[in-house]
Amino acid sequence: MTLTIDELFQPRLSGVGPNVPPGGSWLSVLITDAQTLGLPTTSWQPGQPERTILSIDAVEFSQMDALISQIAQGGFLDFAASGTVTYVALNGQTVTFPVTPDPSIPSQNPTGRPGWLDELGTSSYDEERIPATYASGPLSFVNRSASTLGPFLAGTYHAANYLTKKTYSNLASLSIPPSAIAGTGGIITAVSVGLPTTITTQSAHGLALGAVVFIDDTRGVSGLNGVFAQVAAATATTIQIAVTTAGTWTGGGSVFACTTATMRADLIGPDSDAAPGSVIAPITQLTSVSIFNVTSWAGAQWESNLAYAARCRLKLAAISPNGASAAFEYVALTAVRLLGEEDPPITLTNGPIISAITSANPVTGELTTTIASSSPASSVLGAAVTPGCAQLAVTSVSGTPCTVTTASPHGLTSGNVATVANVVGVPEANTTTTVTVVTSTSFELDGTTPSGSYIGGGTVEGGDLGQVDRLLQNTCVNDTTIAFTASALALPIAVSAIVSVPQAFVATYQAAVGNALVRYFASLPIGGNVGVVPISAVDGILFNSGVVPGALPFVQSISALTINGVAADVTYPTNQYQALSGVNTISVVGV
Amino acid sequence: MPRHRESVALLSPPFLLGPNGSRYMTVFANGCNYLEDKIRDASKAHMPGQSDPSAIPFQAADRLLIQGPSETSAQFTARLSGSLDAWARAGSRYAVLSQVQAYLTNIFPGVAANLPEIGIVGGNATYTTWDQYLIGSALGAEPNHVRVTPQNWNWDGAFHPWRNWFIVYLSTAPVGITGTAATFASAGGSGVTGVTSGFVTVTGMSGLTADQVQQYIEVGFYTGTAIFSVNAGSYQIVSVLSATSCIIAAPTATVPDPGGTVEWSIRKYPYMKPAPVCGAPDAVCGSGSVGVVMADGMSAADPVSSIRSLIVRWKSGSTYYQNIIFSFGATAFAGEFSPASSAGAGNPPGTWTTYGHNVGGVWVALRVPPVSPFTCFAIGTGRCVQCSQENVT
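Sequence lines, in order, name chains A and B.
According to the numbering used here, the first sequence is numbered sequentially starting from 36.
According to the numbering used here, the second sequence is numbered sequentially starting from 15.
Hints are not guaranteed to be accurate.
Calculated Cβ distances over 10 Å to all of chain B for the following chain A residues [said to hold, decoys possible]:
(1) Thr131
(2) Thr146
(3) Glu163
(4) Ser171
(5) Gln320
(6) Arg348
(7) Gly358
(8) Ala359
(9) Glu463
(10) Ser486
(11) Gly487
(12) Thr515
(13) Gln538
Facing chain B, a subset of chain A residues (Cβ under 7 Å, in silico) [what the hints assert, rightly or not]:
(14) Leu38
(15) Thr39
(16) Ala195
Because the hints were derived from the structure by calculation, they are not lab data.
Backbone N, C-alpha and C define an ideal beta-carbon position, used for all residues, glycine too.
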């Protein structure tokens with residue numbers, strides 16, 4: 036007779052202790068068995084060899100039983116993901132441990148070690164957990180000396196985030212030549228203040244769009260000296276930078292052409308995220324060199340147990356060619372891996388897609404997959420969370436390299452990958468490559484040389500959004516379906532509250548509550564469960580952030596709780612919005 | 015491989031083979047045997063057919079299959095084992111129909127193979143496509159596919175190939191109570207205060223008990239003839255007055271019946287049945303789900319939600335199901351929602367909307383003859399969450 040699920044999931048405790056072993060415990064079972072067989076158990080005294088040996092057996096059996104519980108639960112997605120096992124350790128302490136320590140919770144599984152869920156996912160669903168990624172991005176260097184510094188072999192140049200103290204290293208060999216522009220191309224002869232700021236140089240500066248420059252030594256202008264910025268527009272002797280300046284230029288100043296190198300966090304995961312301008316502390320000390328990150332760097336956390344289990348189930352629909360909704364969601368959520376397996380591999384700049392929903396328009400029959408990236412491209416209300424463009428029409432291709440003009444803003448940034456297809460007249464434009472942005476509606480296809488003139492046609496799949504759309508079109512869309520991919524829109528949520536906790540727990544609570552709110556908002560599906568961010572749930576998050584395993588909750592009171600300034604649920608503007616944790620103001624009061 | 019009891023005995027030295035020693039080692043071996051069995055069961059717990067039935071719900075959750083309320087564990091276990099084959103068809107009408115068919119297994123006693131009659135219909139302005147499981151369709155068989163030209167399904171005048179309707183054909187089954195001389199004695203109320211019309215007291219019956227409330231009287235020929243009564247049809251019993259008389263909902267009946275007494279039988283819906291009609295003693299406004307409730311003895315789980323969730327899960331992403339139709343007209347309204355019927359005669363005529371339709375500027379109820387007045391139209395796969403346009407999954 037096979038054992039029931041309850042029997043398999045619930046290990047017997049040893050029952051060893053100062054009291055009579057509780058019914059059902061191993062010691063109780065063994066003694067009962069012994070009695071049945073006629074052994075004189077009632078005359079055994081505590082400490083007597085027979086009873087002591089049975090007690091040892093009971094402890095060993097209970098530990099084996101705990102392992103069996105793990106085996107049984109590990110065969111099912113939900114229990115492998117969130118099940119726990121409880122047993123009494125040799126020291127008499129009750130221990131509860133997860134069937135699969137969740138690597139998205141660093142305190143449970145800091146190294147991302149695979150567990151039962153990973154075994155189940157890979158063996159039964161041929162699906163691997165999406166790993167954490169390193170925060171990474173370009174670091175700009177200005178070298179004001181006359182000498183080239185370096186080379187620094189990969190991993191030997193180090194810098195730090197002055198806010199978080201997280202450290203980063205160079206991914207490839209790095210040499211830092213002098214940043215002074217040859218001749219008089221770096222000498223500033225005029226500055227037009229405002230936003231953007233336009234700088235004129237004495238002679239041709241040779242700077243390309245997207246290049247990072249460093250400005251210094253101007254007189255009469257505020258907000259310009261010591262600034263790193265990307266060239267947003269340029270002529271031979273002018274550059275435009277997105278920097279706000281004021282005053283009147285009275286003379287002086289130089290433009291330096293910065294060296295850029297890709298840096299990567301030394302520790303994996305989002306803890307090493309860096310806001311623009313935060314990586315400015317060199318650890319490798321070099322005279323006359325300053326550093327600056329002009330873009331944000333973001334890493335992704337390991338896929339959580341629950342998300343991994345859900346994705347395994349979604350994959351079931353992906354084995355059909357008929358385009359069930361779950362297939363679209365599976366492919367979008369797995370895009371980071373599927374694109375990474377392409378040749379050459381494509382990286383999602385804003386991290387894995389962590390949320391995806393499908394909706395069909397009953398009037399048109401069009402299917403839209405709405406997606407959200409782990410590192411939102413923007414947290415401004417209504418802005419796209421996943422950057423890029425999908426199936427955007429091309430209106431012209433010209434120049435060398437091929438410069439593509441689009442029918443509407445493309446949403447790309449330099450360095451994004453774009454796939455252009457169906458252009459007639461310029462076959463070289465039909466390619467997948469990185470882009471250099473020229474304007475909001477045009478970009479260069481890096482490394483391309485045209486052999487003809489544009490006749491017509493063409494669409495762009497650009498950035499993370501476009502690459503996910505391309506993947507969906509190629510793997511899920513059958514020949515009678517019209518499908519699109521859209522970015523979720525940002526719904527920033529700012530929580531304000533006063534939380535009273537015992538003085539000894541203030542630091543513990545402050546460390547926990549921020550991440551808990553981020554995790555909660557990220558867990559909400561696009562559009563929300565019932566179209567709102569419930570304030571009661573946020574209240575629960577604040578309370579549960581004061582729960583330590585094995586101890587009583589320590590939060591004593593929560594007051595003045597508001598979401599976006601209102602003490603009520605926050606409504607999703609439409610069902611395309613993704614809740615994002617904004618700037619929270621949690622006043623933790625020690626009592 | 016010997017069990018621990020035998021192996022322990024083989025390994026034990028002489029001093030452990032005595033009466034107490036061997037007993038003691040037997041206790042140890044029994045524990046080992048139990049753990050060995052438990053390890054084996056734990057390893058197989060996730061395997062359909064290799065585990066205790068208590069594991070079935072968990073196996074189902076991992077395969078995204080739903081066990082029907084009357085589907086046996088053996089039947090469902092077979093489906094679990096074939097889940098990958100089922101998922102390989104996801105997104106097709108076949109997948110939707112076969113999943114609902116399996117879910118509704120064993121709900122129609124007396125119907126061949128105890129499988130339901132269900133169908134999907136849709137199409138365009140030129141033709142209508144029907145896929146149906148009818149009486150006798152085997153479990154998991156390919157549905158009967160029919161393409162009808164010119165189209166014979168025109169819901170609201172708009173033709174969208176991505177729009178479908180799911181139909182559950184529900185039939186009554188006899189309960190074994192029949193008679194030959196019932197009388198439509200008097201028209202009036204239902205017995206509820208303030209309800210003074212729309213109901214008929216029928217007398218001259220036999221064998222009625224309170225169980226017949228919410229069952230149906232099927233009226234056929236006049237007594238001893240082959241002539242249909244003017245009141246031939248199926249009527250909901252709203253109250254049983256005695257073993258020989260009851261009150262039925264019959265707002266259009268002719269009372270008294272000019273042809274005299276009628277032959278009758280009592281029938282019931284074995285799975286889902288229409289909710290009590292308005293004005294009936296136990297009617298609650300808005301009860302049931304769109305006028306459908308579970309039959310006696312069936313699970314109280316909302317059948318509409320269950321079927322809808324199956325459709326949502328198994329349909330293609332771009333397909334929209336306008337309605338789930340529970341057709342109660344199989345007996346008295348033969349031809350209701352059929353590939354053999356035409357638009358306006360059993361099938362929608364192009365003027366139907368969600369709540370009614372406009373005929374020559376006059377708003378009339380959606381469910382007009384020849385469709386059964388009990389037939390229900392549950393919302394399909396639509397959902398409307400904070401959006402001006404109904405969104406669907």
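Verification of the hints:
1. Thr131: Thr131(A) is indeed farther than 10 Å from all Cβ atoms of chain B, at 19 Å.
2. Thr146: Holds, because the least Cβ-Cβ distance between Thr146(A) and chain B comes to about 27 Å, which exceeds 10 Å.
3. Glu163: About 17 Å separates Glu163(A) from the closest Cβ of chain B, which puts it past 10 Å; holds.
4. Ser171: Answer for Ser171(A): holds, closest chain B Cβ roughly 34 Å.
5. Gln320: holds (55 Å)
6. Arg348: violated (6 Å)
7. Gly358: violated (5 Å)
8. Ala359: Given that some Cβ of chain B is not farther than 10 Å from that of Ala359(A), nearest at about 4 Å, it is violated.
9. Glu463: holds (35 Å)
10. Ser486: The claim stands: Ser486(A) keeps its Cβ more than 10 Å from every Cβ of chain B (closest is about 39 Å).
11. Gly487: Correct as stated: the minimum Cβ-Cβ distance to chain B is 37 Å, above 10 Å.
12. Thr515: violated (8 Å)
13. Gln538: holds (43 Å)
14. Leu38: Interface hint status for Leu38(A): holds (5 Å vs cutoff 7 Å).
15. Thr39: holds (4 Å)
16. Ala195: violated (45 Å)
In this structure, the hints that do not hold are numbers 6, 7, 8, 12, 16, in rising order.
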